[in-house]
Each structure stands twice: as C-alpha cells, then as structure tokens.
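Given chain A's structure and the hints, the job is docking chain B onto it.
Number of protein chains: 2
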Amino acid sequence: MDMMEFMKEHKALVEDTLREFFRRKKEGLDHPLIRDAVESIEEYTLRGGKRIRAILMILGYRLFGGAGNEIIKAASSLELVQSYFLIHDDIMDESELRRGEETLHVKYAGIARGKIRDPDRFGENVAIIAGDLANTYAIEMFNSTDFPLDRKNEALMELLRIMEFTGYGQLIDVYSSILDDFGEQELLLLHEYKTANYTIYGPLALGAILAGGNPDVFRDFAIPIGIAFQLQDDILGLFGTEERIGKPVTSDLAEGKKTLLIIKALEMGNEKDRQIILDALGNPSVTREQLEQVRNIVVSTGSLDYSRNLAAKLVQRGKEHLTSLNFPGGEEYRNILLDLADYMIKRTM
Amino acid sequence: MDMMEFMKEHKALVEDTLREFFRRKKEGLDHPLIRDAVESIEEYTLRGGKRIRAILMILGYRLFGGAGNEIIKAASSLELVQSYFLIHDDIMDESELRRGEETLHVKYAGIARGKIRDPDRFGENVAIIAGDLANTYAIEMFNSTDFPLDRKNEALMELLRIMEFTGYGQLIDVYSSILDDFGEQELLLLHEYKTANYTIYGPLALGAILAGGNPDVFRDFAIPIGIAFQLQDDILGLFGTEERIGKPVTSDLAEGKKTLLIIKALEMGNEKDRQIILDALGNPSVTREQLEQVRNIVVSTGSLDYSRNLAAKLVQRGKEHLTSLNFPGGEEYRNILLDLADYMIKRTM
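Each protein sequence line maps, in turn, to chains A and B. Mapping to my numbering: the first sequence position 256 is 266, numbers consecutive. Mapping to my numbering: the second sequence position 322 is 332, numbers consecutive.
For reference, chain A alone in the conformation it holds in the complex (with noise of 0.2 Å):
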C-alpha cells in the first residue's frame, strides 16, 4: 500500500469511529443542552483534517508488529485531544474560524446575544466547557480500549506527558506576546514541545508503547520532521491563501505570532523594515496591504529562505534517522512513514 492509500484508508476508519463514540455517547443524554453541547463538539471534531495524529499512532503501532483494528480506537482519541486543545486555542487567540467555520465561542455568543448583557463571556464559557469535555472524551475512548493493561498504562501516561508538554507549549506561546526577548531559541523550544512532540513524536510514541516497542528510537526523527512542519505551516500562515488556510491571510499577523520568519525579518532588516512590522504584528486591524509589505520585507531579508532551509536540514536529518533504522514491523511501513514526512513538509496540513 503507498502512502496515499494508508493515508485515505486510515483517515475514513478513524472518522467512522469517531461518529460511533459520538453516537454511543449521545444514546445516554437525553438534556437537549447536553445534547447540543456533544453535537458540536461532535461537529466540530469531524470538520475535517487529515488525521495526521492518528495515522501517525497507527503507523508507531503497525512499525512495531502490532496487528489488530483496536489501535485504530486508541488512535481516534486523538482527535479528540486535538478538539479538545483547539477549541481552547480558538479563545485564546479570538479565531473566529476554524476549518472555515465558526469557532465555538463565536457560534455560542451568537445564541446568547440580545438575551444577556455579555454574550461573548457566554460563548467563550461554553466553549471551555466543550474543550474540557473533549479531554475527559478522549482520555475515556484511550482507556476503553482493549489493550493489555500494563501497557495502556503505560501509555495513558505518555499521553498525558504529551498532554502536558503541549500545555507548557501553549503557555510559552501566550507568553510570547508580552516577552521582549522572545527569540529563535525560544520559538524552537515552543516547536519542540506544541509540534514536534504533540504532532509527530508523541502518536509515534503512543503506537510503539500499545504493540510493546521502544518509543525513544522514533524522537531522532520526528522532533526534527515536527519543528520543520511548523516552521512550514508558518511560512503557509503568512504567505498561503484564505483557502488553504481556512481563517483570514492576516490571522498570524493580527495575532502577533512571533514566527521564525517575523524575528529572522526583524533581525536582517533595516529600520524602516523593523517599523512595518512592528506596526502589523498583533495589531488587529491590520490591512491587507501591511500584510503584503511584511510579505516583502520576509522575502528581500532572506528570512524566508532562513527558515525554509532550515526546515530542509531538519527534514534531511530526520529521514537519515528513519532510513538506518530496522523496525520488526518491515519496511513497507517506513517508506509510508518516510514519505508521510515529505507530504507533511509540502502540503502542511
């Protein structure tokens, strides 16, 4: 099978379980605000993406022998996961979209507005609640699995060591905006632990632990693989279309997001360089002009070819990694994981 085919394949039976955990748990709740509740978060985990996470998890699990269709539920939770911390991060950055659609604090204060003083205190405290849910959600579809106990365990306490390092992620991202020296050292380590560790190593990691592998060999690629898919999904965060990018052109910049292209361009520009966009980043009126002269100035620094060839070099050291490893599980599934990290570093997902 090539990796297009596992790709498709997997994506289609992880969705499918997604709806049957969603269909057993709504089968219990008969609240019709309850219900709703688990409907959109329901609606919000299948808008799509590509299921990188799972697939990831699968392939660990299927590189170190595992047989069965029960990895393909332990993997699933993920998703949830992943609802779980972009529903969250969909308030803290004030996203209205997400995958094109409204994000959940958006949808919920437009139901409570003319009917309260504060519409938007509403929206933003249903939607932590529906991200708290997505957490107990995908800890309970992990630990309903049928796995040999020992190892579930030992793997719910990766997932939780994910988990947690995500969090610190998080954080140093929040705290990125109000960090004078936020700088490439930094931004790497925010990389390591919000990409390269929740993306790529841990669902790598999480599969190794449930077929009874040794997780460490996977960290010598995936780190490198994740820090260069972010560094890749930032260049398509400045430069991509509102189409591919699913929220509008100018989100990074309103944002403030300190990318490596943003502190590279601050760095080898001139003054008048560093005064545009400074006077762009975290500003949340930001015109579409001031995006295109940030766009320019990224490209005439060589901050844009900074970034891209070190992504390559990460990228190139990750696949060396990969390739002098010899997994019980054969080769077949490392050249699809080989050729995942190539998909991943041009498409971005």
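None of the hints are false.
Mimicking PhoX-like on lysine-lysine, the simulated pairs with C-alpha atoms at most 25 Å apart in a straight line are:
id, chain 1, residue 1, chain 2, residue 2
1, A, 356, A, 18
2, B, 267, B, 323
3, A, 356, A, 323
4, B, 125, A, 282
5, A, 125, B, 267
6, B, 329, B, 60
7, A, 267, A, 282
8, A, 125, B, 282
9, B, 117, B, 35
10, B, 267, B, 282
11, B, 267, A, 117
12, B, 125, A, 267
13, B, 117, A, 267
14, A, 60, A, 21
15, B, 267, B, 60
16, B, 60, B, 35
17, A, 21, A, 35
18, A, 60, A, 18
By construction, these hints were calculated from the structure, which means they are not laboratory data.
What follows is chain B alone, placed relative to chain A:
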C-alpha cells in the same frame, strides 16, 4: 477515631502528598515561565479547603475494608481535579477572589498590565492553560498509584464519568443565565450533576471501586446529602459574611446565580419583590443595600424556610439509608461518614 480527628489527620496527609507531587513535578522543569505556572497551580491548590472530596474517597475505601496508604495519593488527585474546575470556574464567573486571594486569571492579567493591549485576555489565557494542566496532573497522579491494574482501570473510567457529568452540570449552570424557564427541576438536576455526583457520590464510589467494593450502595446516601449540601451552600452564599465565603457577599447576586432561594422567592413574592430581585440578579454593580433587600424578601416569602426544610428532609433521607447498610470495614467509618454529613450541612465547606 472521631470525625474531626479523622478529617484533621487526613487533610494533613493529603496536603503533604500534594506538596510532594509538585516538588517532583518542578524538579524536571527548568523553564522559568513553566515553573512559575506550576507554582501558581500548587499555590492555588494549597490555599486551603477541607479536602472533603479526598476524605470521602478515603472513607469509601476504608468502608469496604481497603487497607494501606496508597489511597491517600489516589484521593489527593481529586484536589487537583478541584483546582482544574475552580480555575476554569473563576474565569467563567469573572471572580476576582478565591479563598480570599486573587484568582489566577486576575493574577496573570496583573502581570501583563501595561505590557500589551489586552492584559485581561492574557490573564484568561494563562488561567485556561493552568486549569487544563491541573486536569492533566490530576489524571497523572491518579493513574500513577499502585493499585491492581484492573481496579485502577475501572476507577479511572468512573473518575472520567464524574468529570464528564460535572462538565454537564457546569454547562447547565452557564445556560441558567440565558434560560427564561430555569426552575426548580432544572436546578436540582444541576445540583445532582455538579455537586452530589462530583462532591459526594463520586469520591465515595472511587474509594469503593479501589477497595473492590460495589459503589452503587452509596448512591441513595450521597445524592440527597449532596443536593442538601448545595442548598446549604447557596444559603451561605446569600446570607454569609465575606470572611466566611472568601469572596464579596454580593458575588452570587452579581453573577446572576439562580439558586433555589431566588427561584422560590420569585415564585412566592409579590410584583414589587420580584422587581427588586430581578434588578439585583446578574447586576455586576449590585449594592449592599440591594443585597439586604433581597435577603429580607427571601426570608419574608418563606423561601429560606423552603430551602432549609428541603435540605433537612434530604439529609434525613440520606442518613437513614446509610444507617441501614453494613460495610466490611466496620461501623467506625460509617459513623465518621454520618458525622461528616452533619458537619457538611451545618458548616458548609
């Protein structure tokens, strides 16, 4: 051992266990911002409280003959669950004080003041993450206990069920402000989910499961006692002193909390009474004078008596049920639990 001794001794053990957890947690974390966040969660968790949930879990375990001290650690994790809910609650209610000190979102807004456009957003963001981390720590602590894996797995599923239904209770609570037809029935469901299930039944059930016992026997004791406890807590919220409740005496009114006291006073009062209550309810700048007027109406309409009588009836029903049961762990612990029920209703935590 009598109830007060049991509580005092176990409160100290639980707090030592929490301190040890945070000591080890911080050992592995170098980053100053992350350490600071962990210290804030620790400080918040150790601000005080009777540790009633932890103590009930220990009692549930002892009642079913559970021996040894590993239960202390499992029980202490409920205090982290409590921090998770309270930190998020504080955001949702826009509370400034918790146990007489700054809530976390207020504390972090203060740190960002003057540094960014929207310090309140920053404060809320850090607090959302802090609550999320407390959630993850709670499951980690619970799952790192050394119980037989099958019992621990079953107990973890019950813990997740408790957290899920507490979330549903929270949801109904948040909705109560926009629902016109929020009445006694809705309120008692809210109390069942958010208080009886979470504060009384859940902890006892977890202790029972970890000792290999049947958690269901606690239901007809815990649910009525839990609802009574909440009714009593609402009385304290309206009639208590600032010192006693740890936040401004007008808080419940300002938040627009539709307690049974309020619902019944609206039902039983005349048009003028209703208007006075509706002017005060959900009014962020409600005065002490308005509070006094509302208190007088709650007394004169008989609403206070209604809540008190219902609470007393529920307590009696719960205690009678418990007295009819026999436990392998012996009568000593049952008597402590009976005394604890009285204590909770009289003092409120």
